[in-house]
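*Asks:* Spelled out from the first residue to the last, the chains are:
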Amino acid sequence: DAKTTQPTSMDCAEGRAANLPCNHSTISGNEYVYWYRQIHSQGPQYIIHGLKNNETNEMASLIITEDRKSSTLILPHATLRDTAVYYCIVRVALSNFGNEKLTFGTGTRLTIIP
Amino acid sequence: GAVVSQHPSRVICKSGTSVKIECRSLDFQATTMFWYRQFPKQSLMLMATSNEGSKATYEQGVEKDKFLINHASLTLSTLTVTSAHPEDSSFYICSARPLTWGDEKLFFGSGTQLSVL
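In the order they appear, the protein sequences are chains P and D.
Numbered per this note's numbering, the first sequence finishes at 123, counting up by one with no gaps.
Numbered per this note's numbering, the second sequence finishes at 461, counting up by one with no gaps.
Any given hint might turn out to be false.
Stated by the list, open to error - Derived DSSO-like pairs (lysine-lysine); straight-line CA-CA distance at most 30 Å:
(1) Lys-408/D - Lys-12/P
(2) Lys-364/D - Lys-110/P
(3) Lys-78/P - Lys-61/P
(4) Lys-110/P - Lys-410/D
(5) Lys-12/P - Lys-385/D
(6) Lys-408/D - Lys-78/P
(7) Lys-110/P - Lys-408/D
(8) Lys-399/D - Lys-110/P
(9) Lys-408/D - Lys-358/D
(10) Lys-364/D - Lys-410/D
(11) Lys-385/D - Lys-110/P
(12) Lys-385/D - Lys-408/D
(13) Lys-364/D - Lys-399/D
(14) Lys-61/P - Lys-110/P
(15) Lys-385/D - Lys-410/D
(16) Lys-399/D - Lys-410/D
Claimed, not checked - Far from chain D, by Cβ distances over 10 Å, these chain P residues were calculated:
(17) Gly-24
(18) Pro-53
(19) Ser-70
(20) Ser-79
(21) Ile-83
(22) Pro-85
(23) Arg-90
(24) Lys-110
These are computed hints drawn from the structure, not numbers from a lab.
Backbone N, C-alpha and C define an ideal beta-carbon position, used for all residues, glycine too.
Full structure from sequences and hints, please.
*Replies:* Next comes the structure, spelled out in structure tokens:
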């Protein structure tokens with residue numbers, strides 16, 4: 010799986026958009042970009058994933074550059090409950106019968122400031 | 345969304361005893377479950393991949409005789425830490441992959457904080 014690079018930590022004011030960058034310059038054509046987050050002392054929570062088109066769901070938006078070497082996770086209106094470690098992971102899509110695993114890097118510790 | 349239940353959420357035990365952690369998929373079937381370990385201020389480290397009805401696959405450096413994994417049904421996997429020692433104190437997390445949804449994500453349990461005295 011391709012390696013990712015994320016800033017160690019970021020702060021964002023409550024109510025503002027939080028933009029979390031991720032570099033994945035060695036991503037392959039069949040690898041997706043996944044984002045998970047982990048709130049303190051809890052299991053990771055799925056946020057969003059995409060291949061090459063921008064994606065949006067009820068939690069966040071994912072912007073992937075045209076060359077797919079980087080992406081940005083956007084939390085449009087950050088709240089205090091969004092304080093967590095955010096993990097950007099690139100890997101091939103999970104197949105119906107595979108044992109594909111997710112490998113976590115160090116992630117970005119996002120702190121929402123009141 | 346899919347729910348993965350992990351129990352217990354916290355356990356304290358004496359050195360030398362064994363501890364069993366359960367991971368259940370509540371509203372879906374999972375042929376594959378994954379077990380992770382996380383030390384304070386560190387990322388999740390995959391320990392093993394658990395397959396229903398077969399032996400688990402352990403990551404390099406993880407002792408299979410110390411961390412016993414059983415995946416007897418499509419909704420339950422267990423991790424037993426045998427003869428636990430203080431260095432085994434950690435946050436253990438399981439995850440599960442739905443069998444038939446065709447969805448490309450894993451769902452995680454809420455984790456188990458193990459403290460070995």
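*Asks:* Hint check: Lys-408/D vs Lys-78/P, CA-CA at most 30 Å. Holds or violated?
*Replies:* Roughly 38 Å separates the two Cα atoms, so the pair is violated.
*Asks:* So if I understand the rule, the pair passes when the alpha-carbon distance is 30 Å or less; does Lys-399/D with Lys-410/D pass?
*Replies:* holds (14 Å)
*Asks:* Please work out if Lys-12/P and Lys-385/D have their alpha carbons no farther apart than 30 Å.
*Replies:* holds (20 Å)
*Asks:* Are the Cα positions of Lys-385/D and Lys-410/D separated by 30 Å at most?
*Replies:* holds (24 Å)
*Asks:* Taking 30 Å as the top limit, are the C-alpha atoms of Lys-385/D and Lys-110/P close enough?
*Replies:* It holds: about 22 Å lies between the C-alpha atoms, which stays within 30 Å.
*Asks:* For Lys-110/P and Lys-408/D, compute the direct alpha-carbon distance and say whether it is at most 30 Å.
*Replies:* holds (18 Å)
*Asks:* Just checking, Lys-110/P versus chain D, shortest CB gap more than 10 Å?
*Replies:* Violated, because the least Cβ-Cβ distance between Lys-110/P and chain D comes to about 6 Å, which does not exceed 10 Å.
*Asks:* Can you confirm whether the C-alpha distance between Lys-78/P and Lys-61/P stays at or below 30 Å?
*Replies:* The given pair, whose Cα atoms are some 10 Å apart, holds under the 30 Å limit.
*Asks:* Find the nearest Cβ of chain D to the Cβ of Pro-53/P and say whether that gap is larger than 10 Å.
*Replies:* violated (5 Å)
*Asks:* Verify the proposed pairing of Lys-408/D with Lys-358/D, using a straight-line Cα cut of 30 Å.
*Replies:* holds (21 Å)
*Asks:* When you check the alpha-carbon spacing of Lys-61/P and Lys-110/P, does it fall within 30 Å?
*Replies:* holds (21 Å)
*Asks:* Does Gly-24/P sit more than 10 Å from chain D, CB to CB?
*Replies:* holds (26 Å)
Of the hints listed earlier, those the structure fails to meet are numbers 6, 18, 24, in rising order.
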